[in-house]
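Novice: For reference, the chains in residue letters:
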Amino acid sequence: GESVGLHLPTLSVQEGDNSIINCAYSNSASDYFIWYKQESGKGPQFIIDIRSNMDKRQGQRVTVLLNKTVKHLSLQIAATQPGDSAVYFCAAKLSGGYNKLIFGAGTRLAVHP
Amino acid sequence: GAVVSQHPSRVICKSGTSVKIECRSLDFQATTMFWYRQFPKQSLMLMATSNEGSKATYEQGVEKDKFLINHASLTLSTLTVTSAHPEDSSFYICSAPTGEGEKLFFGSGTQLSVL
Numbered sequence: 001g002e003s004v005g006l007h008l009p010t011l012s013v014q015e016g017d018n019s020i021i022n023c024a025y026s027n028s029a030s031d032y033f034i035w036y037k038q039e040s041g042k043g044p045q046f047i048i049d050i051r052s053n054m055d056k057r058q059g060q061r062v063t064v065l066l067n068k069t070v071k072h073l074s075l076q077i078a079a080t081q082p083g084d085s086a087v088y089f090c091a092a093k094l095s096g097g098y099n100k101l102i103f104g105a106g107t108r109l110a111v112h113p
Numbered sequence: 001g002a003v004v005s006q007h008p009s010r011v012i013c014k015s016g017t018s019v020k021i022e023c024r025s026l027d028f029q030a031t032t033m034f035w036y037r038q039f040p041k042q043s044l045m046l047m048a049t050s051n052e053g054s055k056a057t058y059e060q061g062v063e064k065d066k067f068l069i070n071h072a073s074l075t076l077s078t079l080t081v082t083s084a085h086p087e088d089s090s091f092y093i094c095s096a097p098t099g100e101g102e103k104l105f106f107g108s109g110t111q112l113s114v115l
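Protein sequence lines correspond, in order, to chains A and B.
In terms of our numbering, the first sequence is residues 1 to 113.
In terms of our numbering, the second sequence is residues 1 to 115.
Any given hint could turn out to be false.
Stated by the list, open to error - Under the rule of at most 30 Å between Cα atoms (straight-line distance), these lysine-lysine pairs were calculated in the BS3-like manner:
| id | chain 1 | residue 1 | chain 2 | residue 2 |
| --- | --- | --- | --- | --- |
| 1 | B | Lys103 | A | Lys42 |
| 2 | B | Lys55 | A | Lys71 |
| 3 | A | Lys68 | B | Lys55 |
| 4 | A | Lys100 | B | Lys103 |
| 5 | B | Lys41 | A | Lys68 |
| 6 | B | Lys20 | A | Lys56 |
| 7 | A | Lys56 | A | Lys68 |
| 8 | B | Lys14 | A | Lys71 |
| 9 | A | Lys42 | A | Lys56 |
| 10 | A | Lys68 | B | Lys103 |
| 11 | A | Lys42 | B | Lys66 |
| 12 | A | Lys100 | A | Lys56 |
| 13 | B | Lys41 | A | Lys100 |
| 14 | A | Lys71 | A | Lys56 |
| 15 | B | Lys64 | A | Lys100 |
| 16 | B | Lys55 | B | Lys14 |
| 17 | B | Lys14 | A | Lys56 |
| 18 | A | Lys56 | B | Lys55 |
| 19 | B | Lys20 | A | Lys42 |
| 20 | A | Lys56 | B | Lys103 |
| 21 | A | Lys42 | B | Lys55 |
| 22 | A | Lys56 | B | Lys66 |
Keep in mind that the hints were calculated from the coordinates and are not lab data.
In this text the structure is predicted, and so the values were computed from the model without any measurement.
Construct the entire structure; sequences and hints are all you get.
Specialist: Written as structure tokens, this is what we have:
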């Protein structure tokens, strides 16, 4: 079955540094991936998504990289700010699985001044 | 942008009572909505898929008689936790596809505390 996991449960960075959050998935049939940000007591907030026919996608200060060979994706946040402190989840959708997302364990990002 | 509204944001109830949580799509129609459950410091676990006009689809291990789902209209899905017990205390979150590809937007969540 599908499982999505993260390499590190917590990540501490200095304000202004770049952050990289990693995620591994197990099912090669996954064709769509999303990164969400969740602040305490709130619902997940969409950050960026990528389809399996792409290997890179950029947004504002964020970049998602997808390596299908090793079933790995990462979220890069440039010039990390205190407001970026939150838990970040990757989620994967199986091909044909209508919008049914499987979430990874989450990485807590702590940004220090 | 698309908004998913969830209500209430927090509820405290006595053991044995039932609690209803509402999930509304405010500016779009959703034939499908998803209900997730999240324990502290854990990830989101999909409980069920709510289908407008038909029965919900439950994930393995989720009791359908315990967690009643009704998708009465294209903008409203409800989750009722029946005969709640302390172990049902959790953060419940709904989501809906907006039609922008496969992107899901989430509600703000409901923190349920059963005493």
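Novice: Now tell me, hint by hint, if it's right for this structure.
Specialist: Here is what the structure says about each hint:
1. Restraint check for lysine 103 of chain B and lysine 42 of chain A: the C-alpha separation of about 18 Å stays at or below 30 Å, so the hint holds.
2. Restraint check for lysine 55 of chain B and lysine 71 of chain A: not satisfied, since their Cα atoms lie roughly 34 Å apart, outside the 30 Å limit.
3. For a cut-off of 30 Å, the pair hint linking lysine 68 of chain A to lysine 55 of chain B is broken: about 36 Å separates their Cα positions.
4. At roughly 10 Å between alpha-carbon atoms, lysine 100 of chain A and lysine 103 of chain B fall within 30 Å of each other, so this suggested pair holds.
5. A hinted pair counts as satisfied when its Cα atoms are at most 30 Å apart, and lysine 41 of chain B with lysine 68 of chain A qualifies at roughly 28 Å.
6. At roughly 41 Å between alpha-carbon atoms, lysine 20 of chain B and lysine 56 of chain A are farther apart than 30 Å, so this suggested pair is violated.
7. Between lysine 56 of chain A and lysine 68 of chain A the alpha-carbon distance is near 11 Å, which keeps this suggested pair within the 30 Å criterion.
8. At most 30 Å may separate the alpha-carbon atoms for a hinted pair to count; lysine 14 of chain B and lysine 71 of chain A exceed this at roughly 45 Å.
9. A C-alpha spacing of about 28 Å is found between lysine 42 of chain A and lysine 56 of chain A, which places the hinted pair at or below 30 Å, so the restraint holds.
10. For the hint linking lysine 68 of chain A to lysine 103 of chain B, the alpha-carbon distance of about 20 Å falls within 30 Å, and the restraint holds.
11. Our distance criterion of 30 Å between C-alpha atoms is met by lysine 42 of chain A and lysine 66 of chain B, whose separation comes to about 24 Å.
12. With a C-alpha separation of about 22 Å, the suggested pair lysine 100 of chain A and lysine 56 of chain A falls inside the 30 Å cut-off, and the hint holds.
13. For the proposed pair lysine 41 of chain B and lysine 100 of chain A, the alpha carbon gap of about 22 Å is at most 30 Å, so the pair holds.
14. Distance restraint check for lysine 71 of chain A and lysine 56 of chain A: the Cα-Cα separation of roughly 14 Å lies within the 30 Å cut-off, and the hinted pair is therefore satisfied.
15. Between lysine 64 of chain B and lysine 100 of chain A, the direct Cα distance comes to roughly 18 Å. Compliance with the 30 Å bound is thereby established for this hinted pair.
16. With a CA separation close to 28 Å, the supplied pair lysine 55 of chain B and lysine 14 of chain B stays within the 30 Å bound.
17. Simply put, lysine 14 of chain B and lysine 56 of chain A have alpha-carbon atoms about 49 Å apart, too far for the 30 Å limit, and the pair is violated.
18. This hinted pair does not check out: lysine 56 of chain A and lysine 55 of chain B have alpha carbons roughly 38 Å apart, beyond 30 Å.
19. Proposed proximity of lysine 20 of chain B and lysine 42 of chain A is supported: the alpha carbons are some 19 Å apart, at most 30 Å.
20. Among the hinted pairs, lysine 56 of chain A with lysine 103 of chain B is consistent with the structure: their alpha-carbon atoms are about 17 Å apart, no more than 30 Å.
21. Taking the CA atoms of lysine 42 of chain A and lysine 55 of chain B, the gap is about 28 Å. The hint holds against a cut of 30 Å.
22. Between lysine 56 of chain A and lysine 66 of chain B, the direct Cα distance comes to roughly 42 Å. Violation of the 30 Å bound is thereby established for this hinted pair.
Violated hints, in rising order: 2, 3, 6, 8, 17, 18, 22; the structure is consistent with all others.
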